[in-house]
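So you can see what is in the structure, the chains are spelled out below.
Number of protein chains: 2
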Amino acid sequence: MTKEDLLPSLRHALGAAHVLTAPDDTAGYLTDRHGRLHGRALAVVRPADTAQVAAVVRLCRAHRAPIVPQGGNTGLVGGATPDASGHAVLLSLGRLNRIRAVDTDNDTITAEAGVVLARLQEAAREAGRLFPLSLGSEGSCTVGGNLGTNAGGTQVLRYGNTRELALGLEVVTADGEIWDGLRGLRKDNTGYALRDLFIGSEGTLGIITAATLKLYPQPALQLTALLAFPAIGDTIGFLSRARAGFGAALTAFELISDTALGLVARHVPEQAIPLDATQPWYALLELSDSEGEAHARARFEAVVGQAIEDGLVADAAIAASVAQSQSLWRLRDQALGVAQQRDGGNLKHDISVPVSRIPAFLQATATALQAAFPGVRPVAFGHLGDGNLHYNVSHALASTPAALFADEAAIHRLVHDSVHAHGGSISAEHGLGQLKRNELPRYKSAVELDLMRRLKQAFDPLGLLNPGKVLPESQPDASTP
Amino acid sequence: MTKEDLLPSLRHALGAAHVLTAPDDTAGYLTDRHGRLHGRALAVVRPADTAQVAAVVRLCRAHRAPIVPQGGNTGLVGGATPDASGHAVLLSLGRLNRIRAVDTDNDTITAEAGVVLARLQEAAREAGRLFPLSLGSEGSCTVGGNLGTNAGGTQVLRYGNTRELALGLEVVTADGEIWDGLRGLRKDNTGYALRDLFIGSEGTLGIITAATLKLYPQPALQLTALLAFPAIGDTIGFLSRARAGFGAALTAFELISDTALGLVARHVPEQAIPLDATQPWYALLELSDSEGEAHARARFEAVVGQAIEDGLVADAAIAASVAQSQSLWRLRDQALGVAQQRDGGNLKHDISVPVSRIPAFLQATATALQAAFPGVRPVAFGHLGDGNLHYNVSHALASTPAALFADEAAIHRLVHDSVHAHGGSISAEHGLGQLKRNELPRYKSAVELDLMRRLKQAFDPLGLLNPGKVLPESQPDASTP
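Chains A and B, in that order, give the protein sequences. For the first sequence, UniProt numbering assigns the number 1 to the initial residue and increments by one for each residue that follows. For the second sequence, UniProt numbering assigns the number 1 to the initial residue and increments by one for each residue that follows.
Hints listed in this document are in silico derivations from the structure and should not be mistaken for laboratory results. Hints may be right or wrong, so weigh each one.
For chains that are exact copies, the list does not tell them apart, and a pair is met inside one copy or across any two.
[Stated by the list, open to error] The calculated lysine to aspartate or glutamate pairs, modelled on DMTMM-like cross-linking and capped at a C-alpha distance of 25 angstroms, are:
{"id": "1", "residue 1": "444", "residue 2": "473"}
{"id": "2", "residue 1": "348", "residue 2": "24"}
{"id": "3", "residue 1": "348", "residue 2": "310"}
{"id": "4", "residue 1": "444", "residue 2": "175"}
{"id": "5", "residue 1": "348", "residue 2": "301"}
{"id": "6", "residue 1": "456", "residue 2": "180"}
{"id": "7", "residue 1": "444", "residue 2": "180"}
{"id": "8", "residue 1": "456", "residue 2": "315"}
{"id": "9", "residue 1": "444", "residue 2": "49"}
Nothing here was measured: the structure is a model prediction, and the numbers come from that model.
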């Protein structure tokens with residue numbers, strides 16, 4: 001069969017209305033969220049169900065056409081954007097948007113890949129349960145993308161990454177077969193961890209079409225607070241106490257540096273900041289209490305009160321109302337991003353290091369940045385409890401954003417080298433996609449890359465599933481830091 | 001090289017004292033825990049460290065000698081026992097018994113494969129932390145075996161299986177290379193889930209030599225209680241309330257049937273049972289409270305009191321002292337096992353089904369058993385919160401254990417067919433080993449078995465790592481239920 005036969009075959013399989021080729025129809029699928037990456041495709045196809053996904057894969061396989069799966073197209077590393085060749089078929093999972101089952105006795109929900117995360121959260125809530133995955137793009141990202149990238153977010157401290165929330169998967173393999181692994185079991189030791197292998201593989205080993213996910217009880221109450229710390233070591237010391245004192249009720253511990261908070265004060269004046277911003281570090285805490293407000297406040301006062309007495313915490317502001325709590329989360333989720341943008345944008349890093357090495361990492365990286373790029377401003381914030389920082393770098397005040405972006409590659413390398421030297425990861429929660437894959441040989445051993453290549457070869461020997469993603473090019477820069 | 005060269009090479013690599021060939025020296029390694037399986041081996045080797053494990057693998061590879069890794073030899077499915085050919089080298093990880101690091105700020109511990117679980121728990125305790133994995137054999141099983149089999153135990157409800165407790169691994173591959181994946185990161189999305197693939201692969205894809213594992217805060221207090229329920233549906237209804245009312249403080253919810261409790265009363269009279277045993281179902285609950293005894297008791301009384309009022313719970317006995325709490329755990333951990341043995345032994349099943357399907361599973365299985373094997377007595381107990389039951393079958397009182405064991409294969413099949421019909425797993429926490437692997441084609445799809453075989457081929461193309469385990473023989477009974 002020739003490539004020319006593929007489009008008619010796809011139209012026959014899905015109906016012509018679901019095989020898009022007109023530039024106006026396909027443009028939204030072929031550009032990434034930030035508008036930085038532009039791909040081309042033979043067509044954008046929108047199968048209606050798992051059987052149609054399998055049919056698409058079999059047709060593409062017969063024509064040796066690459067397949068790029070896509071969920072909500074909210075990824076940050078170009079994992080869902082095809083290359084510029086125009087050979088690929090972009091497979092949108094958007095029409096696989098059914099919630100197949102909610103089982104409250106088993107505390108599970110089974111949803112298709114195209115279900116938007118916010119809708120899944122809502123379905124859980126309607127059933128009196130919590131689906132705890134929560135991230136900035138939850139209004140448009142999809143379950144399939146969350147699984148494909150093993151998305152993290154703000155509740156990982158308590159509930160884990162998407163990986164830890166998944167019990168079972170349904171996957172279309174590179175052969176176009178359907179693996180029904182939709183098990184709602186918390187214990188199952190009957191073979192290799194196929195589920196975990198597909199999760200986080202960014203569509204390069206198979207296409208996730210549905211998942212059975214864990215539900216949790218809804219907490220009785222969530223109490224949010226902003227705390228100020230005299231030093232990063234105190235923040236980490238307090239995290240340890242908070243984990244012990246609050247137990248699993250501690251559901252978020254979001255770090256914000258003074259620089260980051262200062263950007264909000266300067267560029268987003270409408271955002272309330274309920275503390276005097278005179279300390280170097282801040283954290284947004286969330287307690288999810290199974291008893292109620294009085295208990296949550298009493299616990300908070302006991303643990304934080306002692307920490308203030310001991311000098312670990314300099315100041316604390318507890319949200320007195322749901323509105324104040326929402327305002328604190330807006331500070332973390334929106335205002336910080338807006339402030340950085342209004343400041344001229346910056347270079348972003350999604351990194352993690354062991355929590356114990358965060359102080360050394362911050363110190364060493366800031367020192368190295370100042371030496372190499374005088375005046376640039378690290379803007380650090382993120383999920384301290386997971387060791388996951390969004391370590392962004394803003395332009396020197398005496399300089400311009402354009403000058404900063406001209407140094408993009410060198411600054412990325414400096415930060416990632418420092419992450420690596422501190423035992424960390426250069427992609428904590430965003431994945432590798434096409435933007436980070438060629439950094440792997442610098443930071444991963446040949447043994448690990450070899451094992452990854454063997455997996456790809458075993459599951460997708462023709463290399464048709466999301467080519468150019470995750471695995472590095474064969475002759476990349478293999479220098480080591 | 002010939003097989004004859006292998007022993008001298010192994011002696012050269014490890015020292016003659018660590019290459020055991022005398023029957024008296026090897027016997028303990030070549031028989032499984034229950035003394036049912038007897039294997040043979042060219043030698044039992046005891047490398048001292050990871051480099052020596054890699055050297056053993058390279059030597060065995062050069063001689064095409066199979067390698068059977070072994071930890072504490074406490075497995076229940078023959079995963080660590082070689083076949084009778086005498087070709088294999090049994091590789092004991094027992095000398096890799098160092099705790100390499102404890103990091104309290106990162107809440108991690110790094111331990112070698114041969115560290116006994118109880119010693120790891122103790123090391124965590126000494127650092128003021130909890131390593132929550134807890135199972136019957138913890139005094140002799142090892143971390144490597146726990147990881148290789150993805151061990152479960154009594155705390156999975158709160159902390160997950162061994163898989164969920166592992167952050168990083170060090171593994172010797174089938175090529176004799178060392179993969180250093182000892183990362184202490186809670187978020188790392190830089191490639192395929194190699195860690196999860198090795199976990200639960202029972203030594204068939206690589207040999208785990210060390211791991212970085214999660215630590216948790218020690219709870220301030222553990223409160224244990226025995227509850228009685230009028231019906232299994234009430235037990236499940238109460239589980240749901242307990243998860244909501246206690247939150248993550250609910251660390252164990254162990255089901256015990258009246259038959260199981262009756263066996264204890266009859267055969268282990270020294271075991272106290274703090275309730276009138278007049279109800280069909282019982283559960284041992286454990287609350288791990290981060291505040292203290294008064295709070296735990298108040299919470300317990302609030303949640304259980306309401307459930308008694310609503311008729312879900314028939315009776316409840318809270319342990320009033322540490323001694324009473326230990327007595328309750330002895331009932332669950334030891335007395336139940338002793339009672340079954342004194343009753344003449346029985347046929348054991350380590351199964352899971354979705355929690356919501358447990359009532360239907362229990363009903364359907366009991367009915368089918370009575371029809372096919374009149375009078376046999378199901379003895380059901382286990383980790384209800386995970387849907388994991390040890391569904392054992394004791395002989396009919398009018399018959400003998402010997403008559404029961406004569407029906408072993410047919411009873412296993414009946415129970416496992418019923419598990420499968422209810423969406424369950426035939427091995428919830430024990431693995432497949434050599435005893436269950438040939439059941440897989442009956443319960444798993446051809447797609448899944450094909451993917452498993454591809455993984456084995458990709459990582460161990462010569463088939464030298466623990467052959468005859470996990471993967472079914474190529475021509476097994478492929479009948480489907």
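Now the hints, each set against the structure:
With identical chains, the CA atoms of residue 444 and residue 473 are at most 25 angstroms apart within one copy only, with a shortest distance of 14 angstroms there and 36 angstroms across copies. Proximity of residue 348 and residue 24 under a CA criterion of 25 angstroms is satisfied in neither setting, with 31 angstroms inside one chain copy and 63 angstroms between copies. When the C-alpha separation of residue 348 and residue 310 is checked against a cutoff of 25 angstroms, the pair qualifies neither within a copy, at 35 angstroms, nor between copies, at 55 angstroms. Within a single copy, residue 444 and residue 175 get their C-alpha atoms only as close as 29 angstroms, which misses the 25 angstroms cut-off; across copies the closest is 18 angstroms, which meets it.
In this assembly of identical chains, residue 348 and residue 301 lie within 25 angstroms of each other by CA distance neither inside one copy nor across copies; the values are 36 angstroms within and 50 angstroms between. With identical chains, the CA atoms of residue 456 and residue 180 are at most 25 angstroms apart both within one copy (20 angstroms) and between copies (20 angstroms). Taking the shortest Cα distances, residue 444 and residue 180 sit within 25 angstroms of each other only across copies (9 angstroms), while inside one copy they are farther apart (33 angstroms). For the homomeric pair residue 456 and residue 315, neither the shortest alpha-carbon distance inside one copy (51 angstroms) nor that between copies (56 angstroms) is at most 25 angstroms.
In this assembly of identical chains, the alpha carbons of residue 444 and residue 49 lie at most 25 angstroms apart only when taken from different copies (23 angstroms versus 37 angstroms within one copy).
When the structure is compared with the earlier hints, violations turn up for hints 2, 3, 5, 8 and for no others.
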